[in-house]
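Produce the complete structure using the sequences and hints provided.
Residue strings, one per chain:
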Amino acid sequence: MSELLAFSNVVSGYGDARILHDVDLTIGDGERVAVLGRNGVGKTTIVNTFLGVARLSSGEVRLAGERHSPIRHFIAARRGIALVPQGRRIIPTLTVRENLAIGGAPGRNKPWTLDRVFDLFPILRERANTPGTALSGGQQQMLAIGRALMSNPSLLVLDEPSEGLAPVIIDELAVVLRQLADAGTALLLIEQHFGLVHRVAERYYVLSKGTIVEQGHLAGISMESLKKHVAV
Amino acid sequence: MTGIVTTDPIVSRAPPPRHALALASAIGAIACGALLAATIQSSLMMTLVTQAIITAILATGVGFLIRQNGVVSFGHAAFYGIACYTIALALKLGVMRVEFAILLALALPTALAFLLGLVIIRIPGVAFSMLTLAVGQAFYEFAMKARHVTGGEDGFSVSLPPAILGIPTAWFQNPHSMFVVSWSVLVLIIFGLALIAASPFGRLTVAIRENEERARFIGYRTTLPRVLVLTLSAFVTAIAGVLFTLYNTFVSPDVLHWTLSGSALIMAIIGGPRLIWGPALGAIIFFFTKDIAGDVTEHWQGIIGVILIVVMLVIPSGLGGTLAALWQRRFGHG
Amino acid sequence: MRRSHLLAFGLLGSAAALVAPAGPATAQETLKIGVPTALTGTYAGLGAEAVRAIEFAVAEANAKGGVAGHKVEIKTLDTEAKPEVARKQAEKLALEGYKILTGTIASGEGLAMGPLLARWDAIYVSTINKSDKLTGDSCVPRMFRTNHQDAQDAAVVRPWLGSRKEGKWAILAADIAWGRDSGKSFVEAAKVNKKDIVAEIYSPFGSNDYAPFIQQIKSSGAEGLWVALAGRDAINFATQAKEFGLLDKVFVAGVSFVTDNNVKTLGATSKGIWGIINYSSTLDTPANKAFVEAWKTKYNGDEPASFEGETYLGMQVIFQAVEKAKSVKPVDVAKAMRGGTFDTVLGKVTLRAEDHQMVLPNYFGYIGERGGKLRPIITETIPANVATTPPTGTCKMGEL
Amino acid sequence: MAESHAIEGSKLTRQFGGFFALKGVDLAVKRGEIRGLIGPNGAGKSTLIDVLSGRAEHRSGTVRMFGTDISAMTAQQRRHAGLARSFQRTNIFPDLTVIDQLDIASRAAEMPNIDEIMAELNLTALAFRRAANISYGDQRRLDLALALIGRPKILLLDEPAAGLSIGESLELAHILKDLAARWGVTVLLVEHDMEVVFSICDRITVLHLGAILAEGTPDQIRGVPEVVTAYLGSSV
Amino acid sequence: MLVQILNGLVYGGLLYIVSVGLVLIFGLRRIVNFAHGSLFMLGAYVGFSVAAMGGFWGALLAAAIVLALVGALLDIAILQPLQREDPIVTVLVTFGLLLILEDFAQFVWGKDFLKSPVPTMFSGSVLIFGESFPVYRLVVIAVAALVALGLSVWLRLSKIGLYVRASSADPLTTAMQGVNTDRVSVIVVALGAALAGISGTISAPLLALSPSMGSYILIESFIVVVVGGLGSFAGAFIAAIVIGQVHNLGLVYVPWAATMIPFLLMVGVLIWRPTGIAGSHV
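Chains E, L, B, G and X, in that order, are what the protein sequence lines are. Be aware that the first sequence starts at 1, since it is given in the working numbering, and climbs by one per residue. Be aware that the second sequence starts at 1, since it is given in the working numbering, and climbs by one per residue. Be aware that the third sequence starts at 1, since it is given in the working numbering, and climbs by one per residue. Be aware that the fourth sequence starts at 1, since it is given in the working numbering, and climbs by one per residue. Be aware that the fifth sequence starts at 1, since it is given in the working numbering, and climbs by one per residue.
Note that these hints are calculated values from the structure, not bench results. It should be emphasised that the depicted structure is a prediction, and the values quoted were computed from it without experimental measurement. Misleading hints may appear alongside valid ones.
[Claimed, not checked] Pulled a few chain L residues facing chain X out of the computed Cβ check, cut under 8 Å:
{"hint": "1", "residue": "LEU118"}
{"hint": "2", "residue": "VAL119"}
{"hint": "3", "residue": "ILE123"}
{"hint": "4", "residue": "VAL126"}
{"hint": "5", "residue": "ALA163"}
{"hint": "6", "residue": "GLU212"}
{"hint": "7", "residue": "ILE269"}
{"hint": "8", "residue": "GLN301"}
{"hint": "9", "residue": "ILE304"}
{"hint": "10", "residue": "VAL306"}
{"hint": "11", "residue": "LEU308"}
[Unchecked claim] Computed far set for chain E versus chain X, every beta-carbon distance over 12 Å:
{"hint": "12", "residue": "VAL47"}
{"hint": "13", "residue": "ALA64"}
{"hint": "14", "residue": "GLU98"}
{"hint": "15", "residue": "ALA148"}
{"hint": "16", "residue": "SER151"}
{"hint": "17", "residue": "ARG178"}
{"hint": "18", "residue": "LEU180"}
{"hint": "19", "residue": "GLU202"}
{"hint": "20", "residue": "ILE212"}
Glycine included, each C-beta is placed from N, C-alpha and C at the ideal position.
Below, the structure is given as structure tokens:
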């Protein structure tokens, strides 16, 4: 199993604020990994660090084994890492089809095509020509995932995909993510909704106050610590 | 509001020595100016410096708006030019004494800025800049059009009476004495603006510039203070217009043209508008750079263009900002 | 923080001291002529002509050992044709010792300099500014004009218009003081000559598109068109009028419209357009022939353009005044100029003492081919006493 | 109005396009109470704070303060009436010194208790530092200080402990509880740090998908299965 | 009247081609490019020089290519290094560029006015509404329509057009999808400059060429861009057509106010809608 994304001893944050302290995290080919934690513990900072939005003050981020300097945002995508950002960031001026089409990075073999994405999410085919932001929250989430898939990633990073979704939609989302994982795409799920994590991931990290406080296989997770770090 | 606890102030605010020091440096600067005027014989040098300083007052007005409100005006030539034309026209039509004309020349642009501000200050960013550009150009076109009174693009000379407020008018046209006048005015303006910037009002407007929403949530109305900053900035600009008219005794629509606003902006940014005196420094440097380049070659435009680009690429925060940063690094933060 | 103010002021002071020139100008023997003119911007082309003519005159004079023994030296500074800049640059030149100023383009520049000449101990000789004000209500003892003023151009319109057969006329003039005045005097000339004005249009200065005006002229049914546009406006209009077929349909004449440099730009488009000609290299005077020959030799066969001829005339006047005054002091030169008579390319001309306006003949003609090149060809010469209206009395000339 | 609550929202609804951020929320906080507001991301907590503080307009429903309808008041009018708030993202004036911005705030509140506030929130030593140059934790406390100037009657706090270390969060919680008790401030607190919420709140409201899911004392809330489900998902 | 409306369409068309380049650059870079008028001027001169040998189409092509290179250089050497600075800094840089380009043109092509002849294939006129109307003016309308059509087709249907629209709306998200937004920006600025060049070449047979000619169109094109809505192509199109008409009809029917009308229109529109007719940015 080769390493796709790795954080080692990462310290990062914004301005003078250090959000992540000494974070170590790896994800390999075909793995399904979750980062759990409540709001404000630094989960999104993990994403922002490898995008270069948060400043890396020490440690390193590696993409596919190479040291990653997160200045040019498009490099990560070209190395096979696609992001489903928090809040979806659907581009309002583009239609559903166009939102998907940005992800079709040029010049590589393309297992993912518009048709395959439409097969995966039939609702997107139906509404292909409506503005992306006219979709409901759940549909927008499907669109964001579809768009990420269009760049043919070997690793899909999802930042809080369950945010603002009704339970029944989260169930649908879980099914889709399982499908993707079964087809071989590695998943990094950054979530606070354990139900989703539980059905998708095999390994987990728990982030609290910017550090990894616990990690392991989902099979052996303790409900006590879970409630302590994630829920009430 | 019951039970106000009057604890002993742990830290004393607005320590008076700073004001005293500022006042002392202002007085010192004026004295230095007078001394300089007494020592330098060359009328040529004095007239150039005088014109540079009048331009510096204009740039100070433009810069103050950037500093306190964070918006960029492309239309300050309107305030400057209206001041010029007010004096010139009032005297030409013979409707009032020169002293009243000067007061009116200060009051009109100031009032205009206030009324205009009430309408446009809410409009942010580029749109604000473009609006000021449009308003300024509308006045330019008007001055071109109203040729019966303004002489159109030819302009006209201003017939000043022999004395203003008992001071012989020749004083305002002699480079040496006018240097002392305009230099003192510049110093007083910078001193005054520094006091205002340090006052609760000045700090409030910086706060609004920084974070308009939070200012509302600590209980402030945020429109009026910004309008007042624009008004003040227009007032300073109008002072420059008055001095220019007294010294130059001629007005033409060029004093209303957007290229004048643009030059003032260049000066303010080169000097660094974060500091009250930055734009004035920028104006003086720009004025002499242009003068020297024009002396050397007719390709002065290209030279100024290259210098401008290089300066902006190397020190985007402006000369004043860089000097202040160096100063701070050398002597700690003050 | 506050102390840094002092630092800035200190720096300023020392910078000022460094830049200050070493001392007052010393060379009393040299005739120093300051040329504040447009080197950049829309009028840069005219500025270049002024400079060329001045340089030509100076080289000629120095080759002869100077003017009354004084070597001649010039310095040129850019005014961008803006009055405020002209004032600054003229002052700079005067204070550097170049106290005889000439070469400015826009009337506003001359008007801005006028009131300050005494302060600078300088004189200004206009060779291009046409506004009547210069020698009218804005006249000053140290300002002179050796070129035609607007009133002189207006004066020749009346007799000329009487000789035309076209009865319906349209006017297109720049919406600036000069254009308005020219339009007004054409209306008066039309009234005297019993011609109808069917359209009177003033186009904004610096217009890009003349189509709306061309359309108006076309639909007015005008047989003749009087155009008072200059420079860029003139070229834009002529080009677009040609496109619309207006120039072929209507008899076109104008003032400042088809000058030599506009003809150079417009080429065939300008052929057959009539207009007031203030100077033409085709003028048949011995002095002019000699001048044109010398010019051709120096500038590869080019003939002097109208502004070049007019500026050269101004230089002739300045030099002769210096010879007469036997001094290069501005006041002495001014005294010699006032009321003096000078031998110029246009023959013997007098600089009127009352308003410092040169009394000049004026010409009418059209653009035609001469020696393989399009040039203004003079058909009518209006003698100086007719072409120059008497002083209006608005000028209250003071003492020097 | 028999017994007026300090702050009371009734039938508050807010909509973005077709999405309801708040669906008829009723919330009433008693005088002097510290009320916790929790719920997963996207539940509408910040929107509720925004509507109460006058930052966002609501579509229907009313906001009352001590029984008076303040729905039509602007943000600064609400602040003058004694309703202050802090922000989820640090919302200070980076270019001003700490003391300058507190001074400005105190002038608006017409109550010069800067020194008191600085002492309570441990900011005194930083008085003359530019806010941009102080640490993140200090900035959070400055944000809170801006809201506390003038001793507001009601304080709406949107995740004051976000991004703070465990020690810092607990310290902040104690300061809050202490001040609320001493000054009689009513607090509505949105917070994800459950340790903070459960240790200082008198009552807790759980919001989920724009509606109230549960309300009660900390102990009651711990026992509600729907709350656990809302956080952990249906399959647990 | 009808012919006057056609004239307004010509002028509006010309304004559109100049302005649309500004719109492109603003949309992506959020920069008000004061050098745009100078790029227009440079295009006119390049067209003038090439037209003598290469004919009209050659001139158009040459101007587009030369200006595209200038634009690409501008983006790589100046705009990208400054993209994290305050936008006003970049505005000043474009001011500097304006001065350099004017000086350069004066140095290369001289101070005298120059004029391009109307291309022979488009000389002459046709009868419209009973009046003869120059063919070349119809060509200007056609070119403006072609540019508008071509640009919207390109933006709608091509991959790069999609990237341009996407990164104008949200550069970060677009980059995260693997789009090289730096390259998109080079393309956009180059295209914007090329359009300025094309508009210069197109107007060369109508206008006197001088180094300062850019200043006569710069402010009007700003008005078009701002009234239309910063960054909006459709808005710029509407605004250009409206201003073309208002400008021309104003000159004919209210000559005393004509020069002030566009400014007042802009003030009115901005006060009514700070984002302009169709814009979403401020």
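Contradicted hints - numbers only: Failing hints, ascending: 1, 5, 6, 12, 14, 15, 16.
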